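**Student:** Given next are the chains, with one letter for each unit.
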Amino acid sequence: MELSYHEKLTLMVLGKLKKARYEDVVKEAGIDQVAVMRALLGLQSKGLAKIHERQIKLIRITELGKEYAQKGLPERRALKFLAEREKVTLEELARVLSEDELKPIIGLLRREGWANVKKEEGKLILTITEKGREDLNKERPIDRILKILAERGEVESGEAEKFVSLKELKRRRIGEEDSRSEREVEITEAGMELVRKGLELKEEVSILTPELIKSGKWRKVEFRRYNIKAPVKVPFPGKKQPYRAFLDKIRRKLIEMGFIEMEVESLIETQFWNFDALFQPQNHPARDWTDTYQLKHPKMGHLPEKELVERVRASHEHGWKRGSRGWGYRWDPQKAMLLMPRAHATALSARQLAKGVQIPGKYFAIQRVFRPDVLDRTHLIEFNQVDGFVVGEELTFKHLLGILKRFAVEIAGAKKVKFLPDYYPFTEPSVQMSAYHEELGWVEFGGAGVFREEMTKALGVDVPVIAWGIGIDRLAMFKLGIDDIRYLFSYDLKWLREAKLVW
Amino acid sequence: MPKFEVSKDDLERLVGKSFSVEEWEDLFLYAKCELDDVWEHEGRIYFKADAKDTNRPDLWSAEGIARQVKWALGIRRGLPKYEVEKSDVTVYVDEKLRDIRPYGVYAIVEGLSLDDEALKQMINLQEKVALTFGRRRSEVAIGVFDFDKVKPPIYYRAASPEEKFIPLGFEEELTLREILEKHEKGKEYGHLIKDKPYYPLLMDSEGNVLSMPPVINSELTGRVTEDTKNVFVDITGWDLEKIMLALSVVVTALAERGGKIRSVRVVYRGFEIRTPDLSPKEFEVELDYIKGLTGIELSNEEIKGLLERMMYEVELEDGKARLKYPSFRNDLMHPRDVLEDVLIAYGYNEIEPEEPELAVQGKGSDFTDFINAIRDLMVGFGLQEVMTFNLTNREVQFTKMRIEDGEIVEIENPISMKWSALRSWIIPSLMEFLSQNTHEEYPQRLFEVGKATVINEKAETKTRSEDRLAIALAHPRVTFTEAKEILEGLMRHLGFEYEIEEVEHPSFISGRSGKILVGGREIGIIGEIHPQVLENWGMEVPVAAFEVYLRPLYRGSFL
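Chains as they are written, first to last, in my numbering: chain A, 1 to 503; chain B, 1 to 559.
Next up, chain B with everything else stripped away, as it sits in the complex (with noise of 0.2 Å):
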């Protein structure tokens, strides 16, 4: 899901070895990435990689492609291993922070020499965790800071909104209420933050501030630039085991340019914790399971020779084999997860398709099948097919319709009013089709088999979406009897008797429209299209319609 850029240089620096494009496109797949568009800036080749897993963000860098590149190739094998040495630095967690966004991880990262690449996969890297990882920030928001400017220990703490700082971008200070109002990143993500009685702030022990997450940074700390050596990361959102991921993520891919990670201590209310934590994580998995599902042939070595290569360590011990995984992944739920890393490091296309033998044999719905055998009828009535939308709005099934309103089906988030409900009827749909179509020859005539969706309260879903066949004739001489004579005609094929009667509708011209009804049931509705309607839709000829209900008239199988 999440997209990004890498130059084709800075992947294979950071790999050390060189590559055709076509190359670059198979090795992308290690990564769980597809290669999507390659163009060349300034004689260098750019790559859009488009990473399918969202369960992944150590995929979703230069780095972590890089990475995985390495390790798949057997260039590195087994867990990859990051030093972290302590530092002396604190960060104090106030409690007030319960309710408004309660965890912050931290680490450093020093003896960086970062170029323009690495920057900008830097900052890619943290918008895209925090966008689709961090669910927009509010689960996870992430800051990197020029280090030598900050002077520790560091505060995490509930500020008041009265509270100042010039934020990012910014050359006058701002209150915390103001920057939430007047800057860009304020208005995008201040819904998270601003109903609650503080907000959250990061200052340093001079009481300059960092940033105020989940928001935006400050100018003063915030701006990390070609000459940053050091930075201070900063994590925060609501769930601990999230954000140390989302950590572990951030400060594997500094060190793979060389960083070095200083680790930080936080210290919370009765108890305290050290970030980043790089310890790897255990699975285990029965490797029967593994052999039996992927379909081909592995020994146990192979099996552990492929994990090592998706950056495993793997003990193999009475047919089972225990894994430790690296900290920047959590996504082993299940030993099928462990199968896919199997698959990818063998190589799906290596695999040669076979397709299963199976004693089954295949049936359509004999439901379809009669509804077919009504498309064809109508066929030969001479009457063009259509397929339009179900998705309407009120004033194509009601107002145009001449009904003052009605109960519909409708949709909370519409993207636009034109389709803001679910049709109830099929015939306003086709006075649409008819009214731009007026500059067609006549005679028109169409009809639809589809679905009209209607409220009702006994149904799982509250509502039931019915089959319906909806007809309409468009011509200077058309009448109610021509619409007559092919419901005569349909329900003479299909062995049914059928009445007329007499109903007032809105929609159509008095006296000449009626209720269809079998066996005293009310299965549709017919009638000559009211010359206000045709007006209302810009219609020059009359219109005869009708619409009828499926279900009621389908005795199951022909057979």
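The shape of chain A in the complex, shown without the other chains (with noise of 0.2 Å):
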């Protein structure tokens, strides 16, 4: 059996004094006692040690009580004052006993034999006996009782019965009648067999030191059992930001599924990018003034190679190629130029294609783009979209249904999906998709549409590239609890200490 070095202690003691009051341990073991109740709680628990606790009833020391015993009881001081006097008057007494103290005097001094009283001339007057002389210096039972409890400020009271009559101490309000309870400690069976077998009382350390453990002096000390139930002060760990870390976790996702990551190093587009290559005419009202942000410095940017832009403003304005009319408008270059910050993420997929991607393939970016809003718990500013295509020779519609379903399983968890026809003005035909989350229903969790060719076409790409976009941040909020979009970018630093891990 494991004790702790104040339980050998503490059961030592016990050993030697079978049955004791706690207190009588306490003094005995010679150590804090609190450390003595835990040890006795514990030896309690491992049956070695039983602790009955008991009702104590007691008598203790009322305000006059202390009075008395300092000043002596009333009786006391009167015949003092006739043994100096030999023969006072009941109105001398009051020299030396308070008003209250007079009225019962005499029936005191009579029961006591110390006086004799009789009327003289209308007046009381007190004459000593010779019992009043012998009782001079003796202690009566009640003085004695009286200086014990002074003493002790109480007293048990089957003792102090032993003196007067509880009734006798509580008329004279000397004392007053109270109850304490009493620890009484004693040692079980176990506790003496174990006593007997011997115990070792090793030191105990609290803290393994390098000294201990250099000098080897581990070996001879015992360590300090802890409640390691305690509680701690709580930590504040170096951690990612949860949104970010979220973001990480959704880019290994599509990394597993095999999209590759394009690298996004501007923030800002010219609206060549962000629109025109997207086949959105110039006149859309999407690229109205409060759609999206424009910058007033710097104003414009600078096209790419001609031949694309020749390419682009073909498609605009007449379809360029094989099949289309194009929106029938003249094209301005000046416009193109403008510059903005990326308004979605989309643009992005445009420069990928032009650059050149391997066919089959598939591609992803996590971007930040912005728009103009008002930033409150449903609208941020600025956000990051999931977005991407994937490109290859033989894709078909049903192909774009199987990748934002794929999407909806993999990454939201659904177990259900439907479609919508959808409008993008670079994407024909064009699907919004909804996924059935366990605890959120219906959420709308993706879009994506196949790029028309009136697009493709002119960056170069002349197979089916099916442009997807996943909306995360619904996900996101329901993953990391929270009700407040802002919190995606969190500046409340609470919030980010406590918020859980993502993984």
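Just so you know, these hints were derived from the structure itself, not from any lab.
Just so you know, not all the hints are guaranteed correct.
What the hints assert, rightly or not - With a cut-off of at most 27 Å between alpha-carbon atoms, the simulated DSSO-like pairs for lysine-lysine come out as follows: (1) B/K291 / A/K418; (2) B/K451 / A/K299; (3) A/K500 / B/K451; (4) B/K363 / A/K479; (5) B/K242 / A/K335; (6) A/K418 / B/K8; (7) B/K242 / A/K321; (8) B/K363 / A/K249; (9) A/K321 / B/K281; (10) A/K335 / B/K196; (11) A/K202 / A/K19; (12) B/K8 / B/K229; (13) A/K299 / B/K458; (14) A/K296 / B/K418; (15) A/K355 / B/K451; (16) A/K253 / B/K363; (17) B/K458 / A/K306; (18) B/K3 / A/K418; (19) B/K484 / A/K239; (20) A/K355 / B/K363; (21) B/K363 / A/K398; (22) B/K291 / A/K321; (23) A/K147 / A/K103; (24) A/K494 / B/K451; (25) B/K451 / A/K249; (26) A/K335 / B/K194; (27) B/K320 / A/K398; (28) A/K321 / B/K324; (29) B/K458 / A/K335; (30) B/K291 / A/K398; (31) A/K50 / A/K27; (32) B/K48 / A/K416; (33) A/K299 / A/K335.
Nothing here was measured: the structure is a model prediction, and the numbers come from that model.
Given two chains presented individually in distinct reference frames, assemble the corresponding complex, making use of the accompanying hints.
**Tutor:** Structure below.
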């Protein structure tokens, strides 16, 4: 059986005392009483000792009692006065007694047989008796118990009654009844057995120090048993930002799914890449002042190589090649040069397509994009988009649905999906997908479409390209347990410190 | 994009059949609409429709949705046909409008009996077409008038800004100029004509004003109510083809409610036309192209059947489909657009999704991997990662940092001055973060790997967004040394020798800040933040920080 140093020590004391008051055990053990109590509780739980608790009736000294103890009881003071004067009037006694004490004094003196009382000329005259003289220096039981009470403050009722009745003490308002519990400790048979076998008492240490290890002294000491359930201070470890860690996870997932990550350097785009290369006509509502930011400084950037610009222009104006009639307006290169913070991630797909792609190939990027909005619980002014494309000779609409569904299953853990017709200026056909999430219900989770040929051909790609984007912010908010979208870019250190790990 | 309300009863009256709300949810998809919301009001069920296609104004009303649903369900097939009778009404268009608002097209719809719902839809359609398709009336403005109050012929003329009429909602006559200044619609749309020498005005033969396009109708004729039987429709703009389409959309919607369409002669200088022109348009697609891209097995006949349910008249010939489609559509640019109609008629949710089998391998960007390794190292130093906004302002970037002024990438149209520039360094973002957390327990040790955007004339976008690492350490005993220790750790673990060259920088304490140099090239800055800066941010503990550019420290893929 594992016993702590204190437990062993206490048990040894108990082996000697067998049965004793707790206070006596403490005295005998010679250690802090809290340590003794902890040890006793430990011993009791191991069946080595028993703690009994009993109620004790006692008499406690009153304030008046304390006063009497100092000045003497009234009858004592009266007797002393009598002894000095032989004969006094009742009025004269008031010099040593208070008014309250005066009233019952004749009865008290008579009962003790210390004085004779006569009436002379209408006044009560007290004279000392022989007994009075004898008792002058004799301690009565009541004097004795008053002294004891004054010394100890309280006395067990049984002990006090050996002197005078409790009734008497109460009547004289020297003491009042009270009770308290007292612990008595007893060693059990099992405890005795252990003591008989002999206990080895080692020095107990709290911390294992390098000195203990080096000197080898650790062999001779006992390690204080810790309360390993005690609460500790909450630490703040270095941690990744939870939403960014969530995006890291999405990135890993997409790579696993066979996608190549596109690099994103600039946050700024020309309208050419943000809109024109995506076959968005220059008078398209989405190019409105209110829907996207524009730059004041610098205002205009450069257009890419002439040939590409020419193809984009031709696509807008008349469809350029095979089968399209274009938007039918005059394309303005000046407008295409305007600079803006990137408004959607598809701009990067256009750049990648123009740069050249593997066919077949799967691409993605997680990018910061910007929209003029008011920052509130449900709107961000800049946010991250997860977007990309799949390019392949034989791709069909059925594949488009398959790619989208796979995202819903892999990333949102959805079991069911449904598809809705949608519209993007740069894709046709276009689809929106809702995914069924166990806890969120139907959530709009992504969109996709086949890039229009007018766009891909102008960028130099002659096979179907399926563009896709997934909306991960609602999923992120759910996973991170927040209902205010601003917490994705939290400025609240407390929240960041307390946020759960993302992996 | 356009969103509007429709009543379930009204839709069902137009289709001639009743459905459950769930069924309507699916039926909406045929009309490229999403059922956004459902509610009940005074015993009627209402839907909020979200029309997806910005190029299909014919679908932006109860009439449009109902029409598409009738076809999709096969209640009707092929090309929708509308009788158009000629009226003897003529509209004369003033040549002087050429640079003001040159074109107007017109129609009469007779025999209407419009109830509350029908009126609501008519107004909604006008508004949505003018707003989204008509680019806030700049390209298409629509007026509908009580025809019984109009005395033809009608004149669309260039009028002096001093001419007068009573605009809708007013009791007294106002000059055209006053309307632009005082009338709510004048303030909203006045900018479209304000600077022109003349303003467009539509008048009848007795000199009564119908409207001042594209701003406001007259009180006299512009009020259409449940008592109105016959209406005159006016659409103005800059592109004849575009406004003709809008006219088709509006009159065929009214015809869906039993109206009889009558055409109007419009006389321009040198030519005249008759509007509306509801003759179908033509398109041709190769069936193999359609079949190839759908990924589903479809016969020629099946494709024909599907297209007939999308309001096409189809003639199959030599592997091609010759198509006629309604005048109210103008969105067929490429066979792809026809393909989408085939798929919508088939039903997206009837198609079994299939993943393509492509021999490809995923790969993350090596630079992102590099950045992530640096983030791991910073976490190892016990720093908390934060992610802050790139959007900021001059005050945060300069003033509060004790910098007089500087060049920064600025937004032309910010929503709020708080977000009016892109950050050119990250440390101010971290200061902002610290300043919002002064009540939190210290030490606070932060890092962010993010972008800072600076001007670069040579770049395509005249800017460069640099990937940088910034850290900020805040607690009562922090010093330059603690920041330098982390920099030392970073450089050692990346295997770079670096130097620090003392620099005077207003944001830092003099003698406690320096440029970070690698191979003689400046790659960042380190220092103890100046107490004035701390005071500017309302901070009472010292801060040590550094910011380094990561590209120069990147040596390519680890493997």
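**Student:** Run every hint past the structure and note whether it holds.
**Tutor:** How the hints compare with the structure:
Taking the CA atoms of B/K291 and A/K418, the gap is about 23 Å. The hint holds against a cut of 27 Å. Note on B/K451 and A/K299: the hinted pairing holds, with a Cα-Cα distance of about 20 Å set against a maximum of 27 Å. Proximity of A/K500 to B/K451 is assessed by CA-CA distance (about 26 Å); at most 27 Å being required, the pair is judged to hold. For a cut-off of 27 Å, the pair hint linking B/K363 to A/K479 stands: about 26 Å separates their Cα positions.
With a CA separation close to 22 Å, the supplied pair B/K242 and A/K335 stays within the 27 Å bound. A threshold of 27 Å between alpha carbons decides the hint, and for A/K418 with B/K8 the separation of about 23 Å falls inside it, so the pair holds. Taking the CA atoms of B/K242 and A/K321, the gap is about 24 Å. The hint holds against a cut of 27 Å. With a C-alpha separation of about 14 Å, the suggested pairing of B/K363 with A/K249 holds against the 27 Å cut-off.
Under the criterion of a C-alpha separation no larger than 27 Å, the hint pairing A/K321 with B/K281 is consistent with the structure, at around 21 Å. Between A/K335 and B/K196, the direct Cα distance comes to roughly 25 Å. Compliance with the 27 Å bound is thereby established for this hinted pair. For the hint linking A/K202 to A/K19, the alpha-carbon distance of about 25 Å falls within 27 Å, and the restraint holds. Using a Cα cut-off of 27 Å, the hinted pair B/K8 and B/K229 holds, with the two alpha carbons roughly 24 Å apart.
About 14 Å separates the Cα atoms of A/K299 and B/K458, which keeps this hinted pair within 27 Å; it holds. With a CA separation close to 15 Å, the supplied pair A/K296 and B/K418 stays within the 27 Å bound. With a CA separation close to 23 Å, the supplied pair A/K355 and B/K451 stays within the 27 Å bound. Taking the CA atoms of A/K253 and B/K363, the gap is about 11 Å. The hint holds against a cut of 27 Å.
For the hint pairing B/K458 with A/K306, the CA-to-CA distance comes to about 17 Å; that is within 27 Å, so the pair holds. Annotation: proposed proximity of B/K3 to A/K418 holds, straight-line Cα distance about 21 Å (limit 27 Å). About 21 Å separates the Cα atoms of B/K484 and A/K239, which keeps this hinted pair within 27 Å; it holds. Restraint check for A/K355 and B/K363: satisfied, since their Cα atoms lie roughly 18 Å apart, inside the 27 Å limit.
For the given pair, B/K363 sits about 25 Å from A/K398 by alpha-carbon distance, which is consistent with the 27 Å threshold. Note on B/K291 and A/K321: the hinted pairing holds, with a Cα-Cα distance of about 21 Å set against a maximum of 27 Å. For the given pair, A/K147 sits about 24 Å from A/K103 by alpha-carbon distance, which is consistent with the 27 Å threshold. Pair hint A/K494 plus B/K451 holds up; C-alpha atoms about 24 Å apart against a cutoff of 27 Å.
In summary, the hint linking B/K451 to A/K249 is supported, as the alpha carbons are separated by about 20 Å, within the 27 Å threshold. Only pairs whose Cα atoms come within 27 Å are accepted, and A/K335 paired with B/K194 is accepted, the gap being roughly 24 Å. Proximity of B/K320 to A/K398 is assessed by CA-CA distance (about 23 Å); at most 27 Å being required, the pair is judged to hold. Between A/K321 and B/K324 the CA atoms are separated by roughly 23 Å; this keeps the pair inside 27 Å, and the hint holds.
A hinted pair counts as satisfied when its Cα atoms are at most 27 Å apart, and B/K458 with A/K335 qualifies at roughly 19 Å. As the CA atoms of B/K291 and A/K398 are separated by approximately 11 Å, the hinted pair is consistent with the 27 Å bound. A C-alpha spacing of about 18 Å is found between A/K50 and A/K27, which places the hinted pair at or below 27 Å, so the restraint holds. Between B/K48 and A/K416 the CA atoms are separated by roughly 24 Å; this keeps the pair inside 27 Å, and the hint holds.
A C-alpha spacing of about 11 Å is found between A/K299 and A/K335, which places the hinted pair at or below 27 Å, so the restraint holds.
Going through the hint list in order, the structure satisfies each hint without exception.
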